[in-house]
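Colleague: Here is how the chains run, residue by residue.
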Amino acid sequence: MSATPEESPGREEKPFLWVTRPLATAAKQFVKSLWRPSTVVYPFERLEDPKFRGEVAVASGKPIGVGEIWDNYRGVHALNINTCISCNLCAFSCPDVCIEMVTVPGGDPKHPKKCPQIDYGKCSFCGFCSDACPEGCLSMTTRYELSVHKREEMVYSPARMFEVYKSKLPMNPIRVERPANEDQILLDPPICIGCNACSRDCPTQCITMLDIAKPTAKPGEKLPKRIWKEPVINDSDCVRCGTCISVCPKDCLFWGTRQ
Amino acid sequence: MSNVSLYSVAYTLSSVLLGALAHLFPAPIHGWLISGTVVTALAAVIFAAILLLASMLNTILLIWYERKLLGRFMDRRGAMHVGYAGLLQNFADGLKLFRKDTVRPGQADPLGFWLSPTAYMVTSLVIFGLLPISTGWNGGSLPLTLLLALVIFSFAPLFIFLGAWASNNKYSLIGGMRSAAQMIAYEVPILLAVVAVVVLAGTFDLNTIVLEQRNYWFWAPLFLALIVFLTGMLAEMERIPFDLPEAEAELVEGWNTEYGGMLFAFFMLADYLRALVGSILVVLLFLGGWTLPSYVPAALTSFPLAGIVWFMVKTYLVFGLFVWVRASLPRIRTDQLLRLGWMRMVPLALLSVLLAALVVLSHCLPLIGCVPSMGG
Amino acid sequence: MTEMWVNMGPQHPMTHGLWNLRVRIEGEIIKDVEPEMGYLHRGIEKISEDRHYNEIITLMDRTCYVAGLSWEHLFIVAAEQALHVTPPERAEYIRVMSAELQRIASHLMWYSAFVQDLGLMTPFLYGMRDRDLILDLFQSYTGGRLTYEYMRVGGVRSDLPLGFTQRCRQVVDWLMDRFVEYDQLCLSSTIFHERCDGLGVLLEPEAVAYGVTGPMLRSAGSRRDLRKDRPYSVYDQVQFDVATATTADVTGRYLVRMEEMRQSVRIVRQCLDWLDDHPGPVMADHLPRWLGAPYAPMGNESYLLKRNYPTGVGLSMIEEPHGEAGAYVVNDGGEHPYRVKFRSPVLINIWAAKRYLPGYRVADIPPIMGSVDVCVGECDR
Chain A
0 MSATPEESPG REEKPFLWVT RPLATAAKQF VKSLWRPSTV VYPFERLEDP KFRGEVAVAS
60 GKPIGVGEIW DNYRGVHALN INTCISCNLC AFSCPDVCIE MVTVPGGDPK HPKKCPQIDY
120 GKCSFCGFCS DACPEGCLSM TTRYELSVHK REEMVYSPAR MFEVYKSKLP MNPIRVERPA
180 NEDQILLDPP ICIGCNACSR DCPTQCITML DIAKPTAKPG EKLPKRIWKE PVINDSDCVR
240 CGTCISVCPK DCLFWGTRQ
Chain B
0 MSNVSLYSVA YTLSSVLLGA LAHLFPAPIH GWLISGTVVT ALAAVIFAAI LLLASMLNTI
60 LLIWYERKLL GRFMDRRGAM HVGYAGLLQN FADGLKLFRK DTVRPGQADP LGFWLSPTAY
120 MVTSLVIFGL LPISTGWNGG SLPLTLLLAL VIFSFAPLFI FLGAWASNNK YSLIGGMRSA
180 AQMIAYEVPI LLAVVAVVVL AGTFDLNTIV LEQRNYWFWA PLFLALIVFL TGMLAEMERI
240 PFDLPEAEAE LVEGWNTEYG GMLFAFFMLA DYLRALVGSI LVVLLFLGGW TLPSYVPAAL
300 TSFPLAGIVW FMVKTYLVFG LFVWVRASLP RIRTDQLLRL GWMRMVPLAL LSVLLAALVV
360 LSHCLPLIGC VPSMGG
Chain C
0 MTEMWVNMGP QHPMTHGLWN LRVRIEGEII KDVEPEMGYL HRGIEKISED RHYNEIITLM
60 DRTCYVAGLS WEHLFIVAAE QALHVTPPER AEYIRVMSAE LQRIASHLMW YSAFVQDLGL
120 MTPFLYGMRD RDLILDLFQS YTGGRLTYEY MRVGGVRSDL PLGFTQRCRQ VVDWLMDRFV
180 EYDQLCLSST IFHERCDGLG VLLEPEAVAY GVTGPMLRSA GSRRDLRKDR PYSVYDQVQF
240 DVATATTADV TGRYLVRMEE MRQSVRIVRQ CLDWLDDHPG PVMADHLPRW LGAPYAPMGN
300 ESYLLKRNYP TGVGLSMIEE PHGEAGAYVV NDGGEHPYRV KFRSPVLINI WAAKRYLPGY
360 RVADIPPIMG SVDVCVGECD R
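These protein sequence lines map, in sequence, to chains A, B and C. Under numbering that gives the first Met the number 0, read the first sequence as residues 0 to 258, first letter to last. Under numbering that gives the first Met the number 0, read the second sequence as residues 0 to 375, first letter to last. Under numbering that gives the first Met the number 0, read the third sequence as residues 0 to 380, first letter to last.
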């Protein structure tokens, strides 16, 4: 139970005069922080205040604050209802399942407009939803004060997030790098029945149903009962939300790379 | 220096009050009320009330002072929102603690559990009454005030041990045992350091000790004793390098783990009261009490209550020293404290006793007097 | 006094988390100890089996809440191995830089807590103050201060913002000065040496036998450091020294961690230089849809069958701030991993307390256990 006799390199700094060095160090800091300690007096000062933004050096010589790059903070979401295309990607990407798509006014009765509603009681602020948003309408702001009195108030409806958007808080400018060569939505033609569901529900209207030639039935062969149309996806407009895949009644759409 | 003494203030107050009160009553009661016995009795009560108020106010101010000072050592601000610069924060904290329910663990011994905080508090208050703040500003001048104060001062570990044992908690028990062990370490060096002062001053009376320092403050010839006394006081007050009994890292809160609410507030207040008393003792014994060096302009020493003001300034500076130490040193272990006490501090204290004796014997006071002339 | 068992935990200032150290003491002497872990078990390995690979990243930040990026790195290395994805080099450099900054932050956290266990509050605030600067840096490019969610399969979430490298250099320069101050407060104090020298000695053979890793092992004179012995990411392209001490005690661990912080600063500076000179993508070129950053409904089972993604197994071993962490990821071709297993260094390091605690005093428990650097989150997972 005894230490090995060898001296480690740091041991050279053996104390001399017992405890005077730490006393001197503490006194040095005392003098430095007499004028202004590095405390940020939170409710009255905030790290995002302009005075902490630049190269601020306080009396103790410490650069505090994060400089001009505070805006990347992942705080409360801001939602621009006007540009939301109801693609559902945010709700799908949420690892905590705290996003629910709720109907907002503005859509037609057959095709209601849905926008995300976030329950901050569950949200972990991972930012996957704003990363996933193809239109950039759901983004995270620098607001971090979320205290409420009731649990229900933790749920932010789209209208409330629109309020956040309109308050012009600094938005998280990070745009996620997406793989350059992403998977596309492909069609498995023989299964398709031409039901128009994908085209109807596509948030970006990038699916058009094109007529295909109706094959002539050979004797004894029964033609499948279907509408003789097939979806064609405009790849540059597609946001890869997968809505078409999930609404397809025949599971004939899938992800893949066109060879 | 003013010649008003605390007792005369209390006596005047008492006679004025009773005189006003006596007018309301017919002759026999009137006469009895303004008789010497009653006036003296009320004067004693007022006297005690003033002392209590002064000690409590000072204690709370001391906590605030420590919080602010410690904050600056740690590059932060300390209490700052309640009252000006957080001055009222401790009153708020105290109020909160006093409003809280006091919970006694089921298996704890009731008598010891209640007795020990009370006794801890009371003994600390008694010492405060004994120490002269300025000429005449103390509870009474006995020939052996210093000895009495030190005796009462060293009662504390007994009450700590009593409370620790009574609260029936393993952490408390270990803390109490450490407190007892710690006492063995620091009492002897402290007393030896005091002996050095007594040898130099030739008396146990604190008033006289201060008056003896009119030529030079005792810290200069007795520097070693001052170091020993400061270290011992740190241990006596259980402040951070030596706060092993309540080492919160391993023993949660040590001996007061089971105490909450008002009883905890008692312990806390008494702790700081003891810190105040310790600082006062240092000032009285080594730093010339309420006197100032003769080269200080008279304007600074002649305003009313100048003695008390300078005394408190010195006391707070000494306490600031303790805070500084707290901000920069880690806690040591019981066995190390014992080793420090017996193998370092006792020889140093003995050496300083020898030095004091030499100073007295060689009648070299004028010679030494030129060395500490900065002290008077 | 007769012997008695004392529970130090689960709610105790010494534990720094939620675990229990049962100590059998006789007077002040420790006779036996029995660590009890598991209070913070959240089943992260099991939850991981039901999540997308990228979603597991959010769990990694919570596995070790003082070294989130290190654990993200750990998982990502294993997952990329299992999924046959190669990240671009710039992403690897960013990861290494993040992991080293995280090491500094974690060690600062350790320093704060450890010295506070000794009864000294001042370095606690100094350490936390300086750790905040690193958190500011993290916030500026990941967006989070504690849970970063930054690394992704195939790269990292986003590139560094403009001006980051310059600011980061300022911060590490400033930190290098502070390390001197830390040593002045601790190493130059006699009391610190009184409290720490020769405590909690765990010699190298015993440490190896117990599986103790990290600074605890290196303080016993071993030169085992996975960044050198089994380089991952781009650790084979940066220069640094392995910090060691020979005393195998608390002071030795202090020295090792302090030196590691200095070496980390060295690595961070090299990474910053490289990153300045080599702009480029930070995300792999081609990723299957289900591995890309935003997720979408996968569709149906027929897709999973059609996809025909190669299966694989990933094993990563990483020198995490607390020691050697390991991750084992089995990819069965599905969108979730089939099995995820983590090896936590802290679990082993705590368990060896049975060896290095008995014989010392109760007052020695905080410094010794503090020098282990306990993070219960990763210990219990």
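Please note that a few of the clues may not be correct.
[Claimed, not checked] When the alpha-carbon atoms are kept at most 27 Å apart in a straight line, the in silico DSS-like pairs for lysine-lysine are as follows: (1) Lys31/A x Lys113/A; (2) Lys228/A x Lys217/A; (3) Lys95/B x Lys67/B; (4) Lys249/A x Lys112/A; (5) Lys353/C x Lys169/B; (6) Lys121/A x Lys30/C; (7) Lys121/A x Lys340/C; (8) Lys99/B x Lys31/A; (9) Lys228/A x Lys167/A; (10) Lys109/A x Lys224/A; (11) Lys30/C x Lys353/C; (12) Lys149/A x Lys121/A; (13) Lys169/B x Lys99/B; (14) Lys67/B x Lys27/A; (15) Lys27/A x Lys112/A; (16) Lys109/A x Lys249/A; (17) Lys169/B x Lys340/C; (18) Lys249/A x Lys217/A.
[To be verified] What follows is a list of derived Cβ distance ranges for each label pair: (19) Asn195/A x Asp275/C: 25 to 33 Å; (20) Pro42/A x Asp196/C: 19 to 27 Å; (21) Asp275/C x Pro169/A: 46 to 54 Å; (22) Trp350/C x Pro42/A: 43 to 51 Å; (23) Val30/A x Ala298/B: 25 to 33 Å.
Keep in mind that the hints were calculated from the coordinates and are not lab data. Glycine included, each C-beta is placed from N, C-alpha and C at the ideal position.
Colleague: Take the hints in turn and mark each one as holding or not.
Modeller: Hints and how they fare:
For the suggested pair lysine 31/A and lysine 113/A, the alpha carbons sit about 56 Å apart, so the restraint of at most 27 Å is broken. A distance of roughly 20 Å separates the Cα atoms of lysine 228/A and lysine 217/A; the hinted pair therefore holds under the 27 Å criterion. The hinted pair formed by lysine 95/B and lysine 67/B meets the criterion: a straight-line CA distance of about 20 Å does not exceed 27 Å. Taking the CA atoms of lysine 249/A and lysine 112/A, the gap is near 25 Å; set against the 27 Å cutoff, the hint holds.
For the proposed pair lysine 353/C and lysine 169/B, the alpha carbon gap of about 21 Å is at most 27 Å, so the pair holds. Distance check on the hinted pair: lysine 121/A and lysine 30/C sit about 46 Å apart at the alpha-carbon level, beyond 27 Å; violated. A C-alpha spacing of about 26 Å is found between lysine 121/A and lysine 340/C, which places the hinted pair at or below 27 Å, so the restraint holds. Between lysine 99/B and lysine 31/A the CA atoms are separated by roughly 39 Å; this puts the pair beyond 27 Å, and the hint is violated.
Between lysine 228/A and lysine 167/A, the direct Cα distance comes to roughly 46 Å. Violation of the 27 Å bound is thereby established for this hinted pair. In summary, the hint linking lysine 109/A to lysine 224/A is supported, as the alpha carbons are separated by about 25 Å, within the 27 Å threshold. This hinted pair checks out: lysine 30/C and lysine 353/C have alpha carbons roughly 10 Å apart, not beyond 27 Å. Taking the CA atoms of lysine 149/A and lysine 121/A, the gap is about 14 Å. The hint holds against a cut of 27 Å.
Taking the CA atoms of lysine 169/B and lysine 99/B, the gap is near 24 Å; set against the 27 Å cutoff, the hint holds. Pair hint lysine 67/B plus lysine 27/A holds up; C-alpha atoms about 16 Å apart against a cutoff of 27 Å. Our distance criterion of 27 Å between C-alpha atoms is broken by lysine 27/A and lysine 112/A, whose separation comes to about 63 Å. The hinted pair formed by lysine 109/A and lysine 249/A meets the criterion: a straight-line CA distance of about 21 Å does not exceed 27 Å.
Distance check on the hinted pair: lysine 169/B and lysine 340/C sit about 40 Å apart at the alpha-carbon level, beyond 27 Å; violated. Proximity of lysine 249/A to lysine 217/A is assessed by CA-CA distance (about 25 Å); at most 27 Å being required, the pair is judged to hold. For asparagine 195/A paired with aspartate 275/C, a C-beta distance near 54 Å fails the hint of 25 to 33 Å. Taking the beta carbon of each, proline 42/A and aspartate 196/C are about 45 Å apart, not inside 19 to 27 Å as hinted.
Checked against the hint of 46 to 54 Å, the pair aspartate 275/C and proline 169/A fails, with Cβ atoms roughly 26 Å apart. Judged by the Cβ atoms, the range 43 to 51 Å given for tryptophan 350/C and proline 42/A holds: they are separated by roughly 44 Å. In this structure the hint that valine 30/A and alanine 298/B lie 25 to 33 Å apart at CB holds, the actual value being about 30 Å.
In summary, the numbered hints that this structure violates are 1, 6, 8, 9, 15, 17, 19, 20, 21.
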